[in-house]
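Asker: Sequence:
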Amino acid sequence: IDCVLRLTLCGMGSGMIMSRSEKMYISNGSSGVRMTAMSKQHGSQRMRFCVATSFAQVDQDQLSVSKTTHSIFSIIRLFFTTLSNAREHLMAGGTARGVSILTMHPIDSLKTRLQLGKVPPIETVRQFFAEKAFFGGVRSALLGQIPYGMITFGTYEAYKTMLKDLAPGLSDQLRVVIAACMGDLTGSIWLTPNEILKQKIQSGKFENPAAAFRDIASAGPAGFYQGYFGQIARDVPFRIIQLSTYEEIKRRWHLRFCKGRKASTWDNLGVGAVSGSISAALTNPLDVIKTRLMTDQSGTNRVYKNALDCVAKSVRAEGPLVLFRGVVPRVLYITPSVAIFFAIYEGTLQIIRTRTLAQAKKSEVQTKS
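Using my numbering, read the sequence shown as starting at 1290 and increasing by one per residue.
Hints in this document: simulated from the structure, not taken from any laboratory.
Honestly, I wouldn't trust all of these hints.
[To be verified] Below, simulated DSS-like cross-link-like pairs (lysine-lysine); rule was C-alpha separation at most 25 Å, straight line:
no.: 1; residue 1: Lys1650; residue 2: Lys1551
no.: 2; residue 1: Lys1594; residue 2: Lys1494
no.: 3; residue 1: Lys1421; residue 2: Lys1494
no.: 4; residue 1: Lys1602; residue 2: Lys1494
Build out the structure end to end from the sequences listed, making use of the hints.
Answerer: Right, dumping it as structure tokens:
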């Protein structure tokens, strides 16, 4: 199509653009067009030139498309190869996520109810303990969070390795930020539907997962991604702050306290706790908005149109401090949760690597024998 258009325009140009010596005579009342011999000759030369130019341009365009396609497939192939090599991070991420979520789920449930702000905080706490709803939605949380931990931290390591190969000029800090952002966006596709189901149950609106699932499904496929942008607006900054502070604190901690030895479980707990508390406090306003969007009514009964509308209505009705509602239970939940996560994560990595090394040595001995 591109070639035909070029030839058409070129043909028009060869007939319309002429030098002074080329004359075109159009006889009034006649349908014929007479050209001088010179015009025909020059027009023919122009046409041949345009044909060659057009096909040359098409060849260049096709070559450009071919190179772009090859580059895309090369990047995709590199990603999956790198992800395959990060199997230990996938396993460690899933194990650590499951342990930390199960351990801290009761505090997460209390935080969710406080953020909804339907009754005063003291009454919310009293109702929560009276109902003994400590592990409401825990199955949905584990179903969502274990694969999410595997996907997010597995792809995070894969993205870091890819960026080191594809953009060696990037600083370590910037590479961590970009990889954290991309890893969390990848994991959020899986997490969001499970997070909505979990928070619907935690809020006390539904007694069991089946009832919550039916309510979400009543809005169609979009219902499972209600509040998606609110979630990534919270999770992406949280993950960037968390992993950036963790990597930096871990580096400084090792230089100062781990000279000549491997980091212990207590070292990992301490580093994880510090990075978790900082990221939890700074992103609490985003967590409040995400919670309200996800627990909002479904379909046409929704209270909030989007994240900005939720901020405006919440602040107008309850004041600016509403954005820091639930900050204490959030910090109390995130700090030990992140500490447990990184302690289990690093410990699992060490176990996997030790076993892999032992198996490799055993295979080498068997081969020699």
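Asker: Hint numbers the structure violates, sorted upward?
Answerer: Violated hints: none at all, because every hint is consistent with the structure.
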